[in-house]
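Quick mapping for you: the protein sequence lines, in order, are chains A and B.
The opening position of the first sequence corresponds to residue 1 in the working numbering, with each subsequent residue numbered one higher.
The opening position of the second sequence corresponds to residue 1001 in the working numbering, with each subsequent residue numbered one higher.
Because the hints were derived from the structure by calculation, they are not lab data.
A portion of the hints provided could be inaccurate.
If the Cβ cut is set under 7 angstroms, some of the chain B residues that face chain A in the computed set are [claimed, not checked]:
#1 1030
#2 1062
#3 1065
#4 1066
#5 1069
#6 1093
#7 1095
#8 1097
Taking lysine-lysine pairs in the DSS-like style, the calculated list, with each CA pair at most 27 angstroms apart, reads [what the hints assert, rightly or not]:
#9 7/A <-> 39/A
#10 35/A <-> 1022/B
#11 7/A <-> 1066/B
#12 283/A <-> 298/A
Between beta-carbon pairs, the in silico distance windows are [as the list claims (entries may be wrong)]:
#13 77/A <-> 1038/B: 23 to 33 angstroms
#14 1086/B <-> 57/A: 24 to 34 angstroms
#15 1082/B <-> 30/A: 23 to 33 angstroms
#16 75/A <-> 1029/B: 38 to 48 angstroms
#17 1032/B <-> 49/A: 24 to 34 angstroms
Note that the structure is predicted; figures quoted are calculated from it, not measured.
Backbone N, C-alpha and C define an ideal beta-carbon position, used for all residues, glycine too.
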Amino acid sequence: MSGGLFKQEEALLNDAKEKATSNSLDAEQYQRLLKGYEKLLKQTRRLVKMSDRTEAELSRMSKEQVELNQTLGDQNNKLETLSVKLSKYLSPQVYESIFSGKAEVRVGANRKFLTVFFSDIVSFTEITDQLEPEILTRSLNAYLNEMAIVAISHGATIDKYIGDAIMAFFGDPETLGPQHDAIKSVTMALSMQEKVKLLNHELNKIGVTRPFNIRCGINSGICTVGNFGSENRLDYTAIGNQVNLASRLESAAGVGEVLISEETMLLTQEHFDFVPNQEISVKGFTRPIKTYTVTGHKTKKDPSGNLSFHSKGLDLEIDPMVLSEDSKKIIMELIPQLQNILQQSTKN
Amino acid sequence: MHLESTNRTPEVSISDSALELKGECYPEDITAFSEPILELLAEKLEVCESYSVGLELRYFNSSSAKFFFDFFEVLEDAAADGKSISIEWRYRSTDNSMKEAGEDFEEDMEEANYQLVEI
């Protein structure tokens, strides 16, 4: 839209055309036309120069932008790599809450209802004394890796590894509610017990002749959870008497046992079977603490006709729709034998 | 006359003794933007003894360059008629483009007092 911009020049040109047509262009008019042409030529030269300069400037800025994008891309890749490395030092939920900006990375804590889990390998020091350092490293890492997979798949926040011990909790930064958190925790503990049995076969192949057995302790209650430490070095963890109780339950648990407090038992009793265990005394608690050993998932018969029962010494999953006729006959034959075995063991 | 700046046009103030223009200049309709300014400037120059102009541009397009050629011609003609015309072309120290543009316009100024001022 530059028509009006050249109003003077157009007027001069039209006047010249008119004079030329009528053959009446005198010297004065010719001079005026010449002056106008000189002015236009000068302006055109400057405009071309300015235009070239602007084009060069845009080209330079475009190159700078490309280089900047490349630098930003490189820095993003570096950050991504660092972030992936960093994520291995943090529980996935903690990593997610920090990197999504949901949680503030500063000293501070909240009171939350948590279900806290502790586990360790029974007689680990004695086992490791007999192992070469390389095998010890491989076996411990394999163990912790498998346990972490189980923990993460159940939604646990892994607080820390202390040698062969694991501390995890449910209820922060994400929670499904106290009951579901407690159920998840007990389910996880039972899964870990099963996983260790499978892992022992693998560890045996690399020279770990004495199998790993774990004990687990679980307690539910109000804890203080958050970032503890200094502004320079923070630890995201849970503390308090209820955490100490979970640790104490783990110490008191037997080989291959999941020992839980009364609070956790009450939250999960619809889903698991328990047997009462000895009362224990814990620092910070005036009365002895009632404990319960988890014996397995509650037997349930679902509408599809499937039967499921898991307990120490028995894993039972029956799906009649999948079983072959031969398998069904074998099971029918096994049932009287099973009854005999159980009757014999009861008499003994 | 006072025109607030837009994202395509500069802020413009015209009084009896001075004109200030500051910002970016690449209007959609250069004639609609430039004609009122040139007309009012011509009126002010007609009746004044001296006039000062300050320009501080960050960017202008080719149509605006043509407007500035006409703008400076009006000022130069007034100076040639005996008016005291002073012009300051201000540019940021890091902006070579605007410095060089100021130098280009300076070449046509023989009678007016034209100065390049780094800010």
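Against the structure, the hints:
1. 1030: 6 angstroms, holds
2. 1062: 6 angstroms, holds
3. 1065: Holds, about 5 angstroms.
4. 1066: Holds: closest Cβ of chain A sits about 5 angstroms from residue 1066/B, inside 7 angstroms.
5. 1069: Cβ of residue 1069/B sits 5 angstroms from chain A, so the hint holds.
6. 1093: 16 angstroms, violated
7. 1095: 10 angstroms, violated
8. 1097: For residue 1097/B, the interface hint holds, since the closest Cβ of chain A sits about 5 angstroms away, which is under 7 angstroms.
9. 7/A <-> 39/A: 14 angstroms, holds
10. 35/A <-> 1022/B: Roughly 32 angstroms separates the two Cα atoms, so the pair is violated.
11. 7/A <-> 1066/B: Cα-Cα ~12 angstroms, so holds.
12. 283/A <-> 298/A: 33 angstroms, violated
13. 77/A <-> 1038/B: 23 to 33 angstroms: 55 angstroms, violated
14. 1086/B <-> 57/A: 24 to 34 angstroms: 29 angstroms, holds
15. 1082/B <-> 30/A: 23 to 33 angstroms: 29 angstroms, holds
16. 75/A <-> 1029/B: 38 to 48 angstroms: Holds, since residue 75/A and residue 1029/B (Cβ atoms, about 43 angstroms apart) stay within the stated range.
17. 1032/B <-> 49/A: 24 to 34 angstroms: With a Cβ separation near 27 angstroms, residue 1032/B and residue 49/A satisfy 24 to 34 angstroms, so the hint holds.
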